[in-house]
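Undergrad: Residue strings, one per chain:
2 protein chains.
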Amino acid sequence: MSDDHFNKNKGSILKLFTPGPVKVPDRVLNAMALANDTHRSKPYSEMHKLAVEGLQKLLFTKNDCLIFTSSATGIMEACVRNLIKKDEKALFLSIGAFGDRWYEIGVSNGKESIKADIEWGKALTPEIVKEELSKHDYAIVCIQANETSTGVYNPLNEIIPIIKDSGALICVDATSSMAGIKLEVDKLNIDVCLASVQKCFALPPGLALCSISSKALEKTKEVKDRGLYLDFLSIQKKNIVYQTPNTPPIPQIRGLVVQLDHILNQEGIENRFERHKTLGKRTREWANEIGFELFPEKGYESDTVSTMKNSINIDFEKMISTLLTKGYRIVNGYGSLKNKTFRIGHMGEITINELDNMLEVLTDIISELK
Amino acid sequence: MSDDHFNKNKGSILKLFTPGPVKVPDRVLNAMALANDTHRSKPYSEMHKLAVEGLQKLLFTKNDCLIFTSSATGIMEACVRNLIKKDEKALFLSIGAFGDRWYEIGVSNGKESIKADIEWGKALTPEIVKEELSKHDYAIVCIQANETSTGVYNPLNEIIPIIKDSGALICVDATSSMAGIKLEVDKLNIDVCLASVQKCFALPPGLALCSISSKALEKTKEVKDRGLYLDFLSIQKKNIVYQTPNTPPIPQIRGLVVQLDHILNQEGIENRFERHKTLGKRTREWANEIGFELFPEKGYESDTVSTMKNSINIDFEKMISTLLTKGYRIVNGYGSLKNKTFRIGHMGEITINELDNMLEVLTDIISELK
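Sequence order for the protein chains is V and A.
If you read the first sequence in this note's numbering, its first letter stands for residue 866, the second for the next number, and so on.
If you read the second sequence in this note's numbering, its first letter stands for residue 866, the second for the next number, and so on.
Wrong hints could be hidden among the right ones.
A pair holds if it fits inside one copy or across any two, identical chains being indistinguishable in the list.
Unchecked claim - Computed list of lysine to aspartate or glutamate pairs in EDC-like fashion (alpha-carbon distance at most 20 Å, straight line):
| id | residue 1 | residue 2 |
| --- | --- | --- |
| 1 | K954 | D1090 |
| 2 | K1080 | E953 |
| 3 | K980 | D1090 |
| 4 | K1089 | E977 |
| 5 | K1000 | E1162 |
| 6 | K1029 | E996 |
| 7 | K1089 | D952 |
| 8 | K1029 | E1219 |
| 9 | K1084 | E1049 |
| 10 | K995 | E984 |
| 11 | K1174 | E1158 |
| 12 | K922 | E1135 |
| 13 | K951 | D1090 |
| 14 | K1103 | E969 |
| 15 | K995 | E1023 |
| 16 | K951 | E977 |
| 17 | K1103 | D965 |
FYI, nobody ran anything at the bench for these hints, they're computed from the structure.
With the hints as constraints, model all of the structure from the sequences given.
TA: As structure tokens, then:
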């Protein structure tokens, strides 16, 4: 039964140009297939230490870097549960579906949550941020670095200093850009910078991580009813001895260490960021040649995921399913953007050549469908 | 760097007789090393469906079986957050460290939590349960099937009907017994039966699962401020179409399907339960020969983990570290039981022969240390 099932669906045949989960390199799959020692053993702690130290380098931070057995949504919920007291307010500056989700997490946890709705496709501006901050005092402000649904990358260098000036803690969801687009946590003084690993890290899903400032940890101590599973303090306390309070996803942590070594010591961190810039540029040039208008406003297009409008009136579902028969997966628009947009993920270990090859096949398909 | 690190610590050399994480069979490691499609693809949903249907067979239930990207603690927290309203009380019938943890989860989530402390080493009795239930009206009652810290297996057939009669929902943490010791969810009418997979399932950690009754799902609808990440309703809604609301740990799910196939169609479910009975019996016979008194009261010893007292006054740390040099890992007592007890895990894929071989080596070490 299972042999048949897995041979039939062996994913390695399929080339994923998706905004996560993405193609995982063999070095990671092989490392994950090694047997495990327990999470209270010395070999485990040595591995955990390598993960933490590698993340600190990747994020340009001296802050603690914590590991969660969860998806990124788990840490988005942790921010809400750990950093907002009963009489305090949270501001969610949403530019798309994942911003909306964070606001829903705030509401569903019974926290006083206020959402600023920015038109999808637009980025945050200093003006918008200033105006929103002037309305109330906020304990925390939550933003996306890269909004996976619209393909917009926020101008973090311009807006985060304004948020910090207000006295609020700043939480940044960098899920679809961390390890692909440069983000310097200490320079911007980010309190929580979070991501999962099935995007630019090119790992299988099952692990999320974040950096956390001492200010955020201090704040956590003041917040009641935080629960245990997503409690920053419990996790940080064990992180100091390179463990986790609960059993962690050991294979993914081993994969993370392998990828951090690759990023920092093989490819080189700046080379990796440059490659993603080139992947983004190349995809946008191609879209321009075909006649696809980009969904994001000019200047704010993400270098890890491109969202294109249906400017040439083509059947997206047919385009995507035909491309799938050629061995490539790209994806339709997210939620309400389905069939109005489609998305190409160009993150993780994808090379310029691989992108060019896929775009060539896609161009042929579009010619036939037009 | 990483090559050296992983060769040096290659876990496959080490034979784990731990109460989780345990040794993972090659068929699982190989399956987990296959590349992944995305969690919104048809191949993923087919795999998720196999997992759900396999779990229903394993647990003898028609209830929904849900998959969480979390450790078992995540679902313990989900029970607390989803099933207790503001004016309601929860009862934690604790017989050890994991019962205590569940109570702490209740308290840390701001729920009105009452703990009955049973002396460690003892099991719950119908008398204790009746007495505790008579004190208040409870919305939920939380118990361990197998308490991993003490090695006690509760008499579920005797106590669960009493709890159900009280009208409370019953949540059972079967983390270190599910897939090793027979537990019939529908026969006992269990509302939530949860576990993680790094114990008797013999998978690497990173996934937890539970069955959930329609009564528990109905109750969830009445509870406010449940949050999103551990929300039973959001997870169940996506489970119907064999997906998860957030990105799941795809490699572990593939491993789970492989193991469920092995358990149900290769080894045979009843053979598996019998093997664990034999492993437990053999370990207790060995302890008796050596002179180790069992920590659990007679008749309630677990068949997946044996906890032994230091009746022969031996240096446990030395015994354990010497055994480690021979390639076997067993573990010291949990928390306050450290050095007063030690534990041998005999769960997952361990064979009688493998257990006998380890016990032979351990016997020699004990002779030398005496």
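Undergrad: With reference to the structure, classify each hint as holding or not holding.
TA: Status of each hint after checking the structure:
1. K954 - D1090: For K954 and D1090, both the intra-copy (16 Å) and inter-copy (16 Å) Cα distances are at most 20 Å.
2. K1080 - E953: Close inside one copy (16 Å), not across copies (35 Å); limit 20 Å.
3. K980 - D1090: Between copies only: 18 Å across chains, 23 Å inside a chain, cut-off 20 Å.
4. K1089 - E977: both (15 Å within a copy, 14 Å between copies)
5. K1000 - E1162: neither (26 Å within a copy, 63 Å between copies)
6. K1029 - E996: Within one copy only: 14 Å inside a chain, 55 Å across chains, cut-off 20 Å.
7. K1089 - D952: Classified as both; 11 Å inside a copy, 18 Å across copies.
8. K1029 - E1219: Answer is neither; intra-copy 40 Å and inter-copy 59 Å both fail.
9. K1084 - E1049: neither (22 Å within a copy, 45 Å between copies)
10. K995 - E984: Answer is within: at 17 Å inside a copy they meet the 20 Å cutoff, but 59 Å across does not.
11. K1174 - E1158: within (5 Å within a copy, 72 Å between copies)
12. K922 - E1135: Within one copy only: 12 Å inside, 51 Å across.
13. K951 - D1090: Result: close both inside a copy and across copies, 10 Å intra and 13 Å inter.
14. K1103 - E969: Answer is between; shortest inter-copy Cα gap is 17 Å, intra-copy 30 Å.
15. K995 - E1023: Classified as within; 11 Å inside a copy, 63 Å across copies.
16. K951 - E977: Classified as both: same-chain Cα gap 8 Å, cross-chain 18 Å, threshold 20 Å.
17. K1103 - D965: between (32 Å within a copy, 19 Å between copies)
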